[in-house]
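Peer 1: The lines below spell out each chain.
Protein chains: 2
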Amino acid sequence: MTRFEVLILGNSSATPMYGRHPTSQVLNFNEQFFLIDCGEGTQMQLFRHGIKGSRISHIFISHLHGDHYLGLVGLLSSQHLVGRKSELHLYGPAALKEILDLQFKHSDTRLRYPLIFHPTNACHQEVLFENTRLSVRSFPLQHRIACTGFRFDEKVQSASLKKEEVERLNIPIPYLRLLKKGIDYVADDGTVHRAKDLTYPLPRPRSYGYCSDTVMNEDYFEAIKDVDLLYHEATFLHDRVERAKETFHTTSLEAAEVAQTVNAKKLLLGHFSARYKDLQPLLEESRTIFAQTELSEEGKWFLV
Amino acid sequence: MTRFEVLILGNSSATPMYGRHPTSQVLNFNEQFFLIDCGEGTQMQLFRHGIKGSRISHIFISHLHGDHYLGLVGLLSSQHLVGRKSELHLYGPAALKEILDLQFKHSDTRLRYPLIFHPTNACHQEVLFENTRLSVRSFPLQHRIACTGFRFDEKVQSASLKKEEVERLNIPIPYLRLLKKGIDYVADDGTVHRAKDLTYPLPRPRSYGYCSDTVMNEDYFEAIKDVDLLYHEATFLHDRVERAKETFHTTSLEAAEVAQTVNAKKLLLGHFSARYKDLQPLLEESRTIFAQTELSEEGKWFLV
Chain A
3 MTRFEVLILG NSSATPMYGR HPTSQVLNFN EQFFLIDCGE GTQMQLFRHG IKGSRISHIF
63 ISHLHGDHYL GLVGLLSSQH LVGRKSELHL YGPAALKEIL DLQFKHSDTR LRYPLIFHPT
123 NACHQEVLFE NTRLSVRSFP LQHRIACTGF RFDEKVQSAS LKKEEVERLN IPIPYLRLLK
183 KGIDYVADDG TVHRAKDLTY PLPRPRSYGY CSDTVMNEDY FEAIKDVDLL YHEATFLHDR
243 VERAKETFHT TSLEAAEVAQ TVNAKKLLLG HFSARYKDLQ PLLEESRTIF AQTELSEEGK
303 WFLV
Chain B
3 MTRFEVLILG NSSATPMYGR HPTSQVLNFN EQFFLIDCGE GTQMQLFRHG IKGSRISHIF
63 ISHLHGDHYL GLVGLLSSQH LVGRKSELHL YGPAALKEIL DLQFKHSDTR LRYPLIFHPT
123 NACHQEVLFE NTRLSVRSFP LQHRIACTGF RFDEKVQSAS LKKEEVERLN IPIPYLRLLK
183 KGIDYVADDG TVHRAKDLTY PLPRPRSYGY CSDTVMNEDY FEAIKDVDLL YHEATFLHDR
243 VERAKETFHT TSLEAAEVAQ TVNAKKLLLG HFSARYKDLQ PLLEESRTIF AQTELSEEGK
303 WFLV
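Just so you know, the sequences run in chain order A and B. Numbering of the first sequence is given in our numbering, commencing with residue 3 and proceeding in unit increments. Numbering of the second sequence is given in our numbering, commencing with residue 3 and proceeding in unit increments.
Looking at chain A on its own, in the form it has when it is part of the complex (with noise of 0.2 Å):
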């Protein structure tokens, strides 16, 4: 089966404490690596978990609190000052290419390697990146300021044909490709010949849910409906849902509900407040609801 799985480089919100960094996850999908949030620290803690940032092909920023971006300069630099040649896609915020170009412009540095800029709108939901095996969509989540959440969605393949039944059946070659995607053969004697009889089963397209930061709002809901993996911000336990409130934050009960509405198989909770030396607690909070719970534990990969 396709690689699909997210590596944690940080789940804290944005005062990092007890050896938590801010916010960043590097997902791997067939080898292609993705990077969303660049929280300080970023560099390092790809260098620890034993990332190339040279294998980092694009990378999507939610919104410009610090926490979620300050590691990108840095990033884009090193990469620049180890002879990166490739392509770099980054997606967020418009404003963070003129963040880019001021500190760019002071020190003095030209990138040798094509850093291509796509500017997010965080007022409606838009597929920024697509191939025939994967499709990137953000939309908006609610926070202080402008901010997306991204969707990772594979695609549906073509299915594989049962070679032995379809020779021993002598199927015409130009039909072959249509049973792959599912259109049934009708010989010239009107016998129909199901593609779902001739190919094997097709594994369902996985898909990925990221969102933080937000206040709990089903605007959003629809957005990540059905998604195998979700990621969601849970920076309080529900003792503190007004604080959560008023910070535009969510609570690990109120990521449990949604989880639970919008059908997610499995639920991660991240950007942990500096409130909480022990996470235990925001994890059985969230499990009194939603079983399939997990902590983004730092260094940990988390299957799609």
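Source of the hints: derived by calculation from the structure; they are not laboratory data. Since the structure is predicted, the reported quantities are computational estimates derived from the model, not experimental observations. Misleading hints may appear alongside valid ones.
Intra- or inter-copy, both count: the list cannot distinguish identical chains.
[Said to hold, decoys possible] Computed cross-link-like contacts, DSSO-like style, restricted to lysine-lysine with a CA-CA straight-line distance of at most 30 Å:
| id | residue 1 | residue 2 |
| --- | --- | --- |
| 1 | Lys247 | Lys54 |
| 2 | Lys227 | Lys267 |
| 3 | Lys302 | Lys279 |
| 4 | Lys87 | Lys279 |
| 5 | Lys107 | Lys247 |
| 6 | Lys302 | Lys54 |
| 7 | Lys247 | Lys87 |
| 8 | Lys267 | Lys157 |
| 9 | Lys198 | Lys227 |
| 10 | Lys268 | Lys227 |
| 11 | Lys99 | Lys87 |
| 12 | Lys247 | Lys279 |
Here the structure of chain A is known, so what remains is to put chain B in place on it, guided by the hints.
Peer 2: Leaving out everything else, chain B in the frame of chain A:
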């Protein structure tokens, strides 16, 4: 004796590897904390080494290459989030203010404590900070972009009186202040009471010099003359002296020559290239010229 020591938070040059961090140091003078440069990850390093950000009153930024200041927005933001109220003085190139303002604007951050920015000048020496015990000066270095070093000088203090002697001789109170300043007292009968006999010998005032990043250049030698502890960048071994010159950096052999020429008591090497996983060769090379060399090891305090 008054505490005067430096904690190394980061000793790496611009592509941090092997668990090393970009440049940052904490200087503790008499329990007042000064931060010198603030590379990416500084706030996490402060936490790791048990220094509260709230204790830092002054921050000095040498130049606008990312590995010397990218931790600043994170640190300043976190200080805001944990409720800092006390003044924070920031010294650095004028454009730093523009960089901070732009990022605070887009993250909608209005600091709740006074951040007082003092632009530095990379063309000539200037006194940046002074109180009764310490002065801090900046001086030009020669790097690819405008860059300053810093020098911290303990001030000569008033001497302590030998109380019993002074009382025995019945020296009038108004003259005691003069004795402490080294001025002899002449009694009515013409007897001279020497200040040096009536006071304890003063400890010699100490000084710390900080040079990062620079090509070796005698223009800055005067500014670090006779320092007790000299931190000097040593990005490369001397077999790469051409590369050092091209990139406006120094070799460990050159750093030793600087220390010897300016009559420093001790030398601390730092800003190591990612080329060197093992740093011992840099230390050994420097010691061939200047025996009192140490590697700036992260997490270690060095006495001035």
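Peer 1: All the hints need checking, so say for each whether the structure fits it.
Peer 2: Do the hints match the structure? See the list:
{"no.": "1", "hint": "Lys247 x Lys54", "in the structure": "between (38 Å within a copy, 28 Å between copies)"}
{"no.": "2", "hint": "Lys227 x Lys267", "in the structure": "within (10 Å within a copy, 67 Å between copies)"}
{"no.": "3", "hint": "Lys302 x Lys279", "in the structure": "both (18 Å within a copy, 25 Å between copies)"}
{"no.": "4", "hint": "Lys87 x Lys279", "in the structure": "between (41 Å within a copy, 24 Å between copies)"}
{"no.": "5", "hint": "Lys107 x Lys247", "in the structure": "between (38 Å within a copy, 22 Å between copies)"}
{"no.": "6", "hint": "Lys302 x Lys54", "in the structure": "both (16 Å within a copy, 29 Å between copies)"}
{"no.": "7", "hint": "Lys247 x Lys87", "in the structure": "between (44 Å within a copy, 25 Å between copies)"}
{"no.": "8", "hint": "Lys267 x Lys157", "in the structure": "within (18 Å within a copy, 66 Å between copies)"}
{"no.": "9", "hint": "Lys198 x Lys227", "in the structure": "within (27 Å within a copy, 84 Å between copies)"}
{"no.": "10", "hint": "Lys268 x Lys227", "in the structure": "within (12 Å within a copy, 63 Å between copies)"}
{"no.": "11", "hint": "Lys99 x Lys87", "in the structure": "within (20 Å within a copy, 32 Å between copies)"}
{"no.": "12", "hint": "Lys247 x Lys279", "in the structure": "within (22 Å within a copy, 47 Å between copies)"}
Against the hints set out earlier in the document, no violation occurs for any number.
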